[in-house]
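**Student:** Full structure from sequences and hints, please.
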Amino acid sequence: MSVEFFVAAIVTIVGLSTPILLAGLGELVVEKSGVLNLGVEGMMLIGAIAGFAASVVTGNPWVAVVAAAVAGALSASLFGFFVLTLNSNQVATGLALTIFGTGLSSLLGLNYTGRIVMQFGSVFPPALSKHPIWQVLFGYSPIVYFAIIMVGLVSWFLGRTRSGLILRAVGENDLSAHSIGYSVIGVRYAAVAFGGAMAGIGGAYFSMVITPMWAERMTAGRGWIALALVVFAGWRPGRLLWGAYFFGILMALELYAKASGFSFLPSQFWAAMPYLMTVVVLAIISSRESGGGNAPACLGKPFLPAN
Amino acid sequence: MVVVTPIAAVLLTMLIGVIVFDAIGINGQKAVVDIFLTPLLASYKWQDVAVKAAPLIIIALGLSIGNRANVWNIGAEGQYIIGALCAAGVGIAAGGAGGPVIVTLMVLAGVVGGAAWAAIPAALRTRLSVNEILSSLMLTYVATQILGYLVGGPWKDPNGRNFPATAPLIPDQTLPILVPGTTIHLGVLIAAILPFVFWAIMARSVFGFQIRVVGSAPQAARHGGFDSKQTIWLALLIGGGMAGLAGSLEFTGALKAINLGFPSGYGFTAIIVSFLGRLHPIGCLIAGIVLADTYVGGQLAKTSVHIPDSTAGIFQAMMLFFILASDIFVRYRLRIVRTQKVAPAMAPGE
Chain A
1 MSVEFFVAAI
11 VTIVGLSTPI
21 LLAGLGELVV
31 EKSGVLNLGV
41 EGMMLIGAIA
51 GFAASVVTGN
61 PWVAVVAAAV
71 AGALSASLFG
81 FFVLTLNSNQ
91 VATGLALTIF
101 GTGLSSLLGL
111 NYTGRIVMQF
121 GSVFPPALSK
131 HPIWQVLFGY
141 SPIVYFAIIM
151 VGLVSWFLGR
161 TRSGLILRAV
171 GENDLSAHSI
181 GYSVIGVRYA
191 AVAFGGAMAG
201 IGGAYFSMVI
211 TPMWAERMTA
221 GRGWIALALV
231 VFAGWRPGRL
241 LWGAYFFGIL
251 MALELYAKAS
261 GFSFLPSQFW
271 AAMPYLMTVV
281 VLAIISSRES
291 GGGNAPACLG
301 KPFLPAN
Chain B
1001 MVVVTPIAAV
1011 LLTMLIGVIV
1021 FDAIGINGQK
1031 AVVDIFLTPL
1041 LASYKWQDVA
1051 VKAAPLIIIA
1061 LGLSIGNRAN
1071 VWNIGAEGQY
1081 IIGALCAAGV
1091 GIAAGGAGGP
1101 VIVTLMVLAG
1111 VVGGAAWAAI
1121 PAALRTRLSV
1131 NEILSSLMLT
1141 YVATQILGYL
1151 VGGPWKDPNG
1161 RNFPATAPLI
1171 PDQTLPILVP
1181 GTTIHLGVLI
1191 AAILPFVFWA
1201 IMARSVFGFQ
1211 IRVVGSAPQA
1221 ARHGGFDSKQ
1231 TIWLALLIGG
1241 GMAGLAGSLE
1251 FTGALKAINL
1261 GFPSGYGFTA
1271 IIVSFLGRLH
1281 PIGCLIAGIV
1291 LADTYVGGQL
1301 AKTSVHIPDS
1311 TAGIFQAMML
1321 FFILASDIFV
1331 RYRLRIVRTQ
1341 KVAPAMAPGE
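In the order they appear, the protein sequences are chains A and B. Residue 1 is where the first sequence starts when you use my numbering, and the numbers rise one by one after that. Residue 1001 is where the second sequence starts when you use my numbering, and the numbers rise one by one after that.
Just so you know, these hints were derived from the structure itself, not from any lab. You may find that some hints are simply not true.
Stated by the list, open to error - Simulated crosslink set (DSS-like; lysine-lysine; CA at most 27 angstroms straight-line): (1) B:K1229 / A:K301; (2) B:K1229 / B:K1045; (3) B:K1045 / B:K1256; (4) B:K1030 / B:K1045; (5) B:K1156 / A:K258.
**Tutor:** Structure representation (structure tokens):
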């Protein structure tokens, strides 16, 4: 196999990984604060259409990414209002957000079907970004580099800053965090909004980079893979990065098996692998877990202060 | 209040729907009338509503048991798929044979298959304390891929122009049609009867009591000798079995073939049905009809006001948002008073 083949494969894998990396990173922060938002798929779709629409209107892809982030954060705040302010059930509300986002994006996208938007220019000069080999490092959309930088930032934030410690405390033991004076609801609102913004950008990657056009349900279930990824990574940002690329390899194998029929295993096997491996990892984490696990202790539970 | 809030949620959804649709330049009144009312008022649409409601009601009945016991099975979609596949497997194994015995076996295989798929999260939860929300959700997508593999490979219809779908069932392997000239099959009758069976079980049996106590007072349940692991198993097996039943009835009664479009989200929508029905069997019956109504109405609105049929999802989600929110207002009315008390207490600390 030639060098060109590997370059093409890596470029494909990075492209497939980036949206789940972005959405997964957002969801990781949300879950670290003790909230389970199953609305990732819906927020990605809302981000995808918001980014696309903003790009059509302004012609500026940067404005479009900001619009996608804002739209994602707003839809997440809707979820936050029900779950945090009204204490509604997180699982049901999250599913409702996905159904809502799917419907809303289809409706808003009516006027945008068949249109094409401005794409990002490359970050690096053509000598590098179009180089037959070095494009493997320099040939990506700015969002790809943004995603990788965000992994470092989130890792630093959660592990090294006081605010990150508070966020984790809220997720591990909301009552204790509340009793020493931190606003559990405030922290969770911020985390949920951040998660929505990241999912929105992840969605915009579909409508602005992968295929610069809008199609109904274009995220094709990747929001659920992002949810799996967070668990697969054991709620650690560093592992999330490698996990995203690993899932990217599996997704690329699926596409490859589907397109060329070249594979000793059917494409559905590769498509099912991220979910199967997540269940296995979940089982391993849970069985090892004797107080030292990484899953936030308050995940999915409503905050109900006793006094 | 128990009866008022779901009705209020539906009415509020319709009202906001009119306002929002008008705001974005779509005839809101016509859209809402078509989505919510036309299917119920036009008698020729009743059979569509009934056939759509059947799987939603059956799945929601099972899920309500789990939700009451605080066991969160959100993988009903996967259990529904596996149920249909198991029914198809029995049908294929029977070859050209048909008749009531074979069809009954197919439907029972669906129940067993759905329950078996739900047994995986149950075993993981009780043995390794794996969160059943995440595991049951992940297994749904594994089930989707199994379906894709089977209908695109070993079970592909040789006369299907290379289209990934099973061969249509022979008439002897399908459920009987109850009303001649319509699509109303035996599964619709089952969906109409089961809520009353569940109601009797939940209200009258020790099992029903156990589920209610484990959900609302886990400590009391433990002292009372109810085994929490047993409850988890029962909740998931019943939820999975009912989803599998719905899948096999949908296959043998309504669709008669399985293609890639078979997983249409009933397993997820049934969660809305369960909550809109206030986790009560009769509530599930009514809520199932309401949700089926919006599905059929969504198809109508697609042609009448030219909106995508997934727009019905906006209404379905809004109903769930409102019912969940109204639940809180009903249950925690005291909280609102309390937060006013807390405010001055916080002031000196700031």
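**Student:** Hint by hint, say whether it matches the structure.
**Tutor:** For each hint, the structure was consulted:
{"no.": "1", "hint": "B:K1229 / A:K301", "result": "20 angstroms, holds"}
{"no.": "2", "hint": "B:K1229 / B:K1045", "result": "44 angstroms, violated"}
{"no.": "3", "hint": "B:K1045 / B:K1256", "result": "21 angstroms, holds"}
{"no.": "4", "hint": "B:K1030 / B:K1045", "result": "17 angstroms, holds"}
{"no.": "5", "hint": "B:K1156 / A:K258", "result": "16 angstroms, holds"}
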